[in-house]
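Undergrad: The chain contents come next:
Protein chains: 2
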Amino acid sequence: MSGSKQSIGIDFGGTSIKSAVVENGAIVARGAIIDPAKHASSLTLIEALFDVVKALRASHPAISGIGIGFPGFVDCKSGVVHSLTNVKGWHEVPMVRMIQERTGLKAAIENDANAMAYAEFLHGAAKGAQNAVCITLGTGVGCGLVLEGKLFRGTRFAAAEIGHTSIDLNGPRGVYGTPGDLEVYVGNKQTAERAARLYNAAGRPRTAAECTPADLSSLASQGDSIAIGLWEQIGTEIGAALVNAVWLLNPDAIVIGGGIAKAGPLVMDPIRRTIRDRVSPLFHEQLKIVPAELGNDAGIIGCAELALES
Amino acid sequence: MSGSKQSIGIDFGGTSIKSAVVENGAIVARGAIIDPAKHASSLTLIEALFDVVKALRASHPAISGIGIGFPGFVDCKSGVVHSLTNVKGWHEVPMVRMIQERTGLKAAIENDANAMAYAEFLHGAAKGAQNAVCITLGTGVGCGLVLEGKLFRGTRFAAAEIGHTSIDLNGPRGVYGTPGDLEVYVGNKQTAERAARLYNAAGRPRTAAECTPADLSSLASQGDSIAIGLWEQIGTEIGAALVNAVWLLNPDAIVIGGGIAKAGPLVMDPIRRTIRDRVSPLFHEQLKIVPAELGNDAGIIGCAELALES
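Quick mapping for you: the protein sequence lines, in order, are chains A and B. All letters in the first sequence, in the order written, are residues 1 to 310 by the numbering used here. All letters in the second sequence, in the order written, are residues 1 to 310 by the numbering used here.
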């Protein structure tokens, strides 16, 4: 066993916190899942995290680092979690120092979408690419950028917010006041509400709760024209935001993951078509537009790799 | 004289080719200007270029490199000029090899907007920044990106085409089929035509030729509400494209140069306002949005620096 290559990756999700021991980009053991809702304070939650780490180290003594991906703004240089998007009580938490003091191991923290992008670049759909744009479609639109083979984080470690870029300067405003904010069109909740409106208008009422990405994929695969048309529309909108990223960054890989991406060709085809129709050959000839490969484990794997590099 | 720091920068413009000897980011001598229209073939033009280089080396024997910025697609790694935007007869020209063979000096070629961005980063308005977006407003919208202190070129050396990013997915199509292509709104020609239409509609006819950026700046400074309103509109449109670059790249500097930028606060104010209103504090708190400082010499200085680094 080449112990120096084992590390723990932790994917800190708003509804569950998953962890695993990773070696050469593959998961070799999983930790107990933590439900953050069961912890009234960040302190007891952190203790629960350290319990999971302790158990994983007991069975894997050669672990040399721990990486955690957070849904929010983290400073990966100072090792401080500034704030989390849907989790209360996390403000200016010096997480890297806490891990190092408690465990003596190398430690890294990262934005969750960045961690996923890095995993897809090292071991997944963007392997071998030089410049990759990786998006994750879910409640919001997560994104990570790998530029010249390195995770690109921007000045305040906040780059890659493609979900808030605008596709229409006269469109409806998003949470930060951006007109035509992509998430206003293609977030899971917004997609469900759009679908419900379309079905109601067609005299075939469905609630938004009956219009999850899975429902809409299933309806489309049965030939339902409303669901097919909506996927086409969503793919075109996601494609429009990606067109801007392509003109700006001239990437050789775009990786698309998350819930909506499970609609497969229904959404991938209009995304590909939109990009190919709206950029010059120099920009699309060497560009692959592919589904993510690592699924829900991408965040864990990316963080585990970043821990080893820290 | 520290000879090793002197190099020649050449700005290959569509209407004039300017050159100079540069030392520590400053121009110390200028070469004769070449008019490309006077050369029927790229071969005689290249000979004219070598004549200028020869003259500059005669008075500055310590020159150690030559850099040329081209308006088009160049491969700075292989040293080949693929094609130029408004200049015929330049296809797959192995420029770096030709310079090296004829002069024995180090040589570099670069896209002109990239060269300007790099000069502003090293010696101008973006000095000290970590991540800079530099745009040049003219016939088209040029752009160069400096990311993590290095010129970012993308997979095919074609990155930073902010002029073709879309601000409206339902807008008029640009030359590459992109709906809402920024250049359709704010290129010099388009701006003049928009202005002429507005004046004609208001019963105060002006031709497009009477609506250059200089004319419109002068009219606005006299309190002309049509010109003031148009600058406001153009600033908002440029700002909308920059908002997307800010969300994606989280830069700490945006530099704005070129003809339209000479309108000063008339266009800078709406650009700044649009960006500050449409991104979160984390993205604008440390972001400076400033006019270019090096003017028409930026391309020459950037190329001269790139030659020394080659």
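Heads up, a few of these hints could be off.
Copies of the same chain look alike in the list, so a pair counts if it works inside one copy or between any two.
[What the hints assert, rightly or not] In the DSS-like style, the derived pairs of lysine-lysine whose C-alpha atoms are separated by at most 27 angstroms in a straight line are: (1) 262 <-> 77; (2) 288 <-> 106; (3) 262 <-> 106; (4) 38 <-> 288; (5) 189 <-> 106; (6) 54 <-> 288; (7) 54 <-> 127; (8) 127 <-> 77; (9) 288 <-> 150; (10) 54 <-> 150; (11) 189 <-> 262; (12) 106 <-> 54.
These aren't lab readings, by the way, just hints derived from the structure by calculation.
Undergrad: List, from low to high, the hint numbers that the structure doesn't satisfy.
TA: 1, 2, 3, 4, 5, 6, 7 and 10
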